[in-house]
Structure formats: C-alpha cells, structure tokens
Amino acid sequence: MKRIWWLLLTTLVLAAVVLSACSSGQATPAPQQESQQQTQQEQATQPPQEETFTFGMLLVGPYNDHGWSQAHYEAGQYVEQKLGAKMLYVDKVNPADRPGTTPEQLAEDLVSKGAKLIIFNSDDMKDAALAFAQAHPDIYVIHASGDNAWKDGKDYKDIPNFSNVMGKMIYGKMIAGCAAAMTTETGQIGYLGPLINDETRRLASSAYLGAKYCWQHYRQKDPADLKFKVTWIGFWFNIPGVTSDPTQVADDFFNSGYDVVLSGIDTTEALVEAKKFADQGKKVYAVPYDFKEACQEAPDVCLGVPYFNWGPLYMKLIQDAKDGKWQSTFIWAPPDWKDINNPDTSAIGFEMGPALSDEASDAVTNFIDELANGLNLWVGPLKLQDGTLYLKDGEAATDQQIWYLPQLLEGMEGQSVPQQ
Amino acid sequence: MKPRWENLAFATAAVFVALAFTSLVLVTAGASPFEAYWYMLKGSLGSWSKISDVLVAWVPLLLATAGLLITFAAGLWNIGVEGQIVLGGIFTTWVLRLLQDSTLSPAFILILAIAAGALGGALWAALAGVLKVFGGVNEIFGGLGLDFVAVALTLWLIFGPWKRPGIGSMSGTEPFPKELWLPTIPGSRLSLWALFIGLVSIAIVYFLLSGTYFGLKLKAVGKNPRAAYLLGIPTTRYLMMAFVLSGLFAGLAGAVQVTAVYHRLIPAISSGYGWLGLMVSMLINFQPAWAAPVTFFFAALNIGSIQLPIVLKLDSSLSGVLQGALVLSFLLMGGVRQRWLKKHQQEASDD
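Listed in order, the protein sequences are those of chains A and B. Residue numbering for the first sequence follows the numbering used here, beginning at 3 and increasing consecutively. Residue numbering for the second sequence follows the numbering used here, beginning at 1277 and increasing consecutively.
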C-alpha cells in the first residue's frame, strides 16, 4: 500500500544526496565571509574607495534579447574592457517581470554593492531615473533616451548628477529608408511601427525622408509614385489581445503589394514573415532594428539593420565621472561620418544585409557619403501630414523641431496621433 | 488517524520536491543551489530595508489573493482578477487626477481615490459576473477577455488622454505630487497604511469565509450550486456577491499599487499579482489562514531573487521556477495524499 510513498521518499533522498554531492564538489567561495564583507559595505555610508570604477546598469529587457537591451549590455562590457571598470547589472527591470520592485530600489541595491554611476536604459524608467538622481546627488545617473537634461528641451530638470544619452537614429532610419527605396519593385514600403509618440514619429518620418530622397534622386522616379505606409501595432512588442499582431500586420503588407517592410518594433516579426513569403517564392524584404546582428535571423531577406552603438557614449560619460569631470549633459550623438560602423567612435551604424543587391548597396554607400558631406533631409519645404507647414522653403529643422515632431510628414500614410 | 501530522508530512514533502527540482535546475545551470538560496534569503530578509521592500510587494499580492479566496470559495475561477487590479489602478488614478489641484485635504483625496479603486475593481468583476451568471459565459473566458480590455485601456489612457505634457511615455502618467502618496515610514518605501489595508482585508476575508453564514452559504454554492439552490440559497445573488467582493479587494490592490508603490499609472500596473495570486490560492488549497504567510514567502522570493543576476550572474526567473515548482508539487502531493487516504481507508475497512 505504501509503495508510492516509499518510491517518492527514495527518489527524494537520492536527489538530496546527489545535490549535496554536487554542491559540495563545487568550490563555493565561503558565502559567510563574503556576506560579512557585504554587510560591512552596506553599513558604511560610503563604500570603500576601490581602484576599479564600478557602474551599474538597469536593463528593461533580458540582457540577451538580440535587441535594445543587449545593445546596452554589450556596451557595458565594452566599457568594462576598455576602461577596466566593473559593471553590475540587473535585467528585466519592469514591473511585469519584477513585481513589487521599482528601478530606484534596484539602483540602490547596486549602489550598496559599490556602483558609483547608474545607467537606466529605457524610457520606462524616466521617473525612476529622475527620482533616484535627486535622492542620490553623490551618484552619477545616465538615462538612455529621455530629454530631461536638455536645456533647450520641453521638460528640462536641473539635476547636476543626471545626463541623457541617445544616438541620432534618424540617420540610421534614413539609410534604412534608402535601402528600401533602392530595392522595392512595387514602389510600396511598409513601416511596422510600435506605439505613437514623438520618438516613433521622428524615426518613421526619417525613414520616409531617406526613402523619398533615394527614390527621387537615385532612381529618378516621381515621389508621388512612392507609397510609404506606417501601421502602428500599439506597443513595442506583441501583446496578444492588446496590440495588433505584428505578424499579421507584416503579412498584410506583403499580401497587398508592399515588398519591403521596415521594422520599428523591438521584435523580429517583419524579418520572419519576409522569410516565410520569400520561401514561397515572393520577392520581399525586411529591415530590422536596434541590434547589430539582427540580420542573422533571416539573412536572405535582410536589407540591412540600423543599430545603436552605446559603447563610445557610455565610455565618455563614465570616463568623465571617473576623472571627476562629470557635467550634466544631453547627448544626441550623430554617427561618426568617417566610418559609421566604427565601434569605437560611432553612436549609430548601419550594417548592410546580404539581401541588398550590389547596385543598391552602391547607392546606399553613396547616400551615406552624401549625408557625411552635409546633406540634410530635414530641410523645407516640408509639410506635416495634415498639410500644415512644418518647414519653410530652405529652412533647416532645429533639433527641437525634429525631436518633438508633432505629426508624420506629408506623403506618408498612417496615423499621426493615437485615436482619441 | 492524525490528519494534522499527515498534512504536515505531505506539505514538507511537497516543499522538498520543489526545492529538489529547483536545485536540479540550478545545478544544471552550473550554480551552487545553497549559494543561490543563501543570497535570496539575504536579499529578502537580510536587513530591515530588504524586509520593508518585501512588505511593499507583499501587500498587493495579499490583497489580490484575499479577493481570489472569495471567488474560489464560490467555486469560481476569477481569471479576470488581473483586469480588476488594473481597473482599481485606473479608477484611483482618475480620482487623483480629478482632485489633485483641488483644495481638499490630501488625506481625504487619498481615501476617496482608494475607495474608487475598490469600486473600479468591483465593477469590472461585476461585469465578469454578469457575463457568467446571466450571459452563460464561463468566467474563465469572460475574465480573460476583460483582462485584455483592461490592459488596452491602460495603454490608451497613458498614451492618449492622460499622456504627460510633451510626450507620452512608457514610464506612465505624470507622477503625483508627494502629498498624494500614501505616507511611508521615513527612510523606507513601506507605507503602514498600505500594510494596514492588506492585513485588515485578509482578516475580513478569513472571518467572512470561516465565521459567518454568508461564508458557509457561499461554500455551499461553490460545492454544489444546484443543491444549494434547492436548499433555498439564492445562488445567483451569491455568485454575483462573490465576484463583486473579490473585485473589490483586487481593486484595492490596484489602488495600493498607484498610491503606495508607483505613484502614477504605469502600463503594467497589475505587476502580474493576479496570476501570482491564483498560484498562491492553489498552493494553499484555498485556505485563508495560509494566505498571509505564503504570499509573504512569494514576495520574499521576488525581492530576494534580484540578487541572483547581480551577484551570481544567474537568471532571476529562478524565483518563478521555484514558485511554479511549489504549486505543482503541492498539487501533486494533494493527489498522492488522496490516493493514499483512499487505500488507507480501504485497508481499514478490510480489516
């Protein structure tokens, strides 16, 4: 009668034996001793002066997400290598993955372990980054994305230990748009957008400007014949039942004559669907976003990827903090036009994809050169989507005008503001 | 028979199975289980500030669980609890937004806002209830649908009508002024008011379910609605009451999230406490007496597991693995125990 019971017990005992054997076999670095050190650290108001500079990083997603967060994580590793600094990180810092925690609290934990500078890597953490910076004037704070340290911005806050960084992805998107325009056979380009805000409008519009320019000047075609449609799914990634399904949106694009889809979202549906259609014999392509190696998921349909390279930005700020030269700044860094793919100098880059034809890649290279030599596409005459004047003839947009772009541009299809 | 001892033995075995499973996962990942557990323990109970962080996370989970115990007593799977938490958060935010510039005293505004949160949760639950009781829609499907609607509503509000000046942000709505935060113990994030709300709520639910005729009738409906109806219990009314009460506590959880934890409406305002609450309820076999300690343990796991990536470079979803393993092994042990009891009884009658 007690067979099950005994069977179970035996299994458990066995498991316990195996486990204890395994764990004692491992060289456990005397946790007690370490804990003592740590409590001492926590008790001291200032962590003891170390030779290596320790910085902390809070990542909104998994550190290996092949996207936004991984780009930051690798930048942190880059700084560790180049500067001999030490990184402490927590990933998946968001209330869904870490119920009951706030980024401030996690940042404090990192500080108690010796971090003197904290990087908050997402728009999600805006309030937390600000609150933390104000509560800890002796700790340097970098918020990636965001505009609170921008004196000329709309939401400036004077906090000496707080800085913003961002790469000028507008250029990456222009190049992506150009690659799309050089490739499309139907003259129809789709843009898979996340949610609608100033940043996403700015990026979608940049892609359009790049596409329009290359369509008009390199392919000698009428801009009126170029269709550029933005479909917003409603969030940075698919939430079933809440957002539109990006797979469905990409399919709709490909099924209705759009043969290139640019992705503005965190995940790779555009690329995956393009591959599916290509496998069925259709000539379609996609351009992913965020992470340098994103093309690897489906190289045969990938025209290239505009990506962030946070390493040099973090390097500079962390170096300044280490040397005591820190100043609160807002950095919106353009690429290094000498070589936009230089990992040590360029804040954004564009990695050409295997699917880009030789002809198109020559054109894209040409376009990058033109940009490097001062070509500015954010110049009037430009109208907003509803026909109101955005830039007069010959007027170049200021950084503020671009950053806070109120609508999509004329010639683009798709919603400019969330439905009310 | 000594059922108490038996229960204890089975519970211990379940914990043991869960720990063994999680340890195996850890060993496979190349980590020492003892080290991992040690850091989790230290990261959750190692200092007063950690304990207070655990308590902050404990309260909303406790509230969600308290609500769920009522619907479970009535035999209902209130999957809509997530949405009810969200609506609690939305209603609370709504009242705070309406009144933050008024001349009313902050304490009064807070009381109104928290009450509104409870109301919001109750209304959303009532909707699931109406669908179930009058529309014949199974509460699992109705609730799930309403969960999605609630999240979509939150996103729409944050990036639409309630977006902060300038730019809609994933960071949520503009944070409320400090006067409209539930006051905290100086130097910590813990609000004694929130703690008070949580403890009183679970006490009420405990008393309601084990000390009143209402609770008894509710359980009768839960065990066998038809029999209960024939015995003169107005089943429909009791089912609706269960939904509304459950939603009320879930709404309170949302209100606490807004007034005591995040101080604004954020896209993921529920923090997944509804799902976690469902897990806890199953783990404790729907007995209110166990709700407080087990939710505390789950909250401690959530807070403590943060140390894993920082110190050991381990994935912190390990706390989720342990929580899931616990629930599964308790369910497993429940099954084993029943079989064992049956055999035992048979043998006893054979004798």
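Hint data in this document are derived by calculation from the structure and do not stem from the laboratory. Remember, it's a predicted structure, so these values are computed and weren't measured experimentally. Some clues are possibly wrong.
[Unchecked claim] List time: in silico DMTMM-like cross-link candidates among lysine to aspartate or glutamate, alpha-carbon distance up to 20 Å:
id: 1; chain 1: A; residue 1: 94; chain 2: A; residue 2: 125
id: 2; chain 1: A; residue 1: 170; chain 2: A; residue 2: 325
id: 3; chain 1: A; residue 1: 170; chain 2: A; residue 2: 401
id: 4; chain 1: A; residue 1: 115; chain 2: B; residue 2: 1591
id: 5; chain 1: A; residue 1: 229; chain 2: A; residue 2: 295
id: 6; chain 1: B; residue 1: 1589; chain 2: A; residue 2: 322
id: 7; chain 1: A; residue 1: 324; chain 2: A; residue 2: 140
id: 8; chain 1: A; residue 1: 84; chain 2: A; residue 2: 253
id: 9; chain 1: A; residue 1: 156; chain 2: B; residue 2: 1450
id: 10; chain 1: B; residue 1: 1454; chain 2: A; residue 2: 254
id: 11; chain 1: A; residue 1: 159; chain 2: B; residue 2: 1623
id: 12; chain 1: A; residue 1: 88; chain 2: A; residue 2: 346
id: 13; chain 1: B; residue 1: 1589; chain 2: A; residue 2: 187
id: 14; chain 1: B; residue 1: 1589; chain 2: A; residue 2: 76
id: 15; chain 1: A; residue 1: 170; chain 2: A; residue 2: 187
id: 16; chain 1: B; residue 1: 1439; chain 2: A; residue 2: 200
id: 17; chain 1: A; residue 1: 88; chain 2: A; residue 2: 325
id: 18; chain 1: A; residue 1: 278; chain 2: A; residue 2: 299
id: 19; chain 1: B; residue 1: 1439; chain 2: A; residue 2: 325
id: 20; chain 1: A; residue 1: 94; chain 2: B; residue 2: 1591
id: 21; chain 1: A; residue 1: 284; chain 2: A; residue 2: 295
id: 22; chain 1: B; residue 1: 1439; chain 2: A; residue 2: 157
[Said to hold, decoys possible] Covered stretches of chain A, as calculated for chain B (at least 3 residues, CB under 8 Å):
id: 23; segment: 101–115
id: 24; segment: 118–130
id: 25; segment: 189–199
id: 26; segment: 202–216
The beta carbon of each residue, even a glycine, is placed where N, CA and C say it ideally should be.
query: Tell me, which hint numbers fail for this structure?
result: Structure breaks hints 2, 5, 6, 8, 10, 11, 13, 15, 19, 21 and 26.
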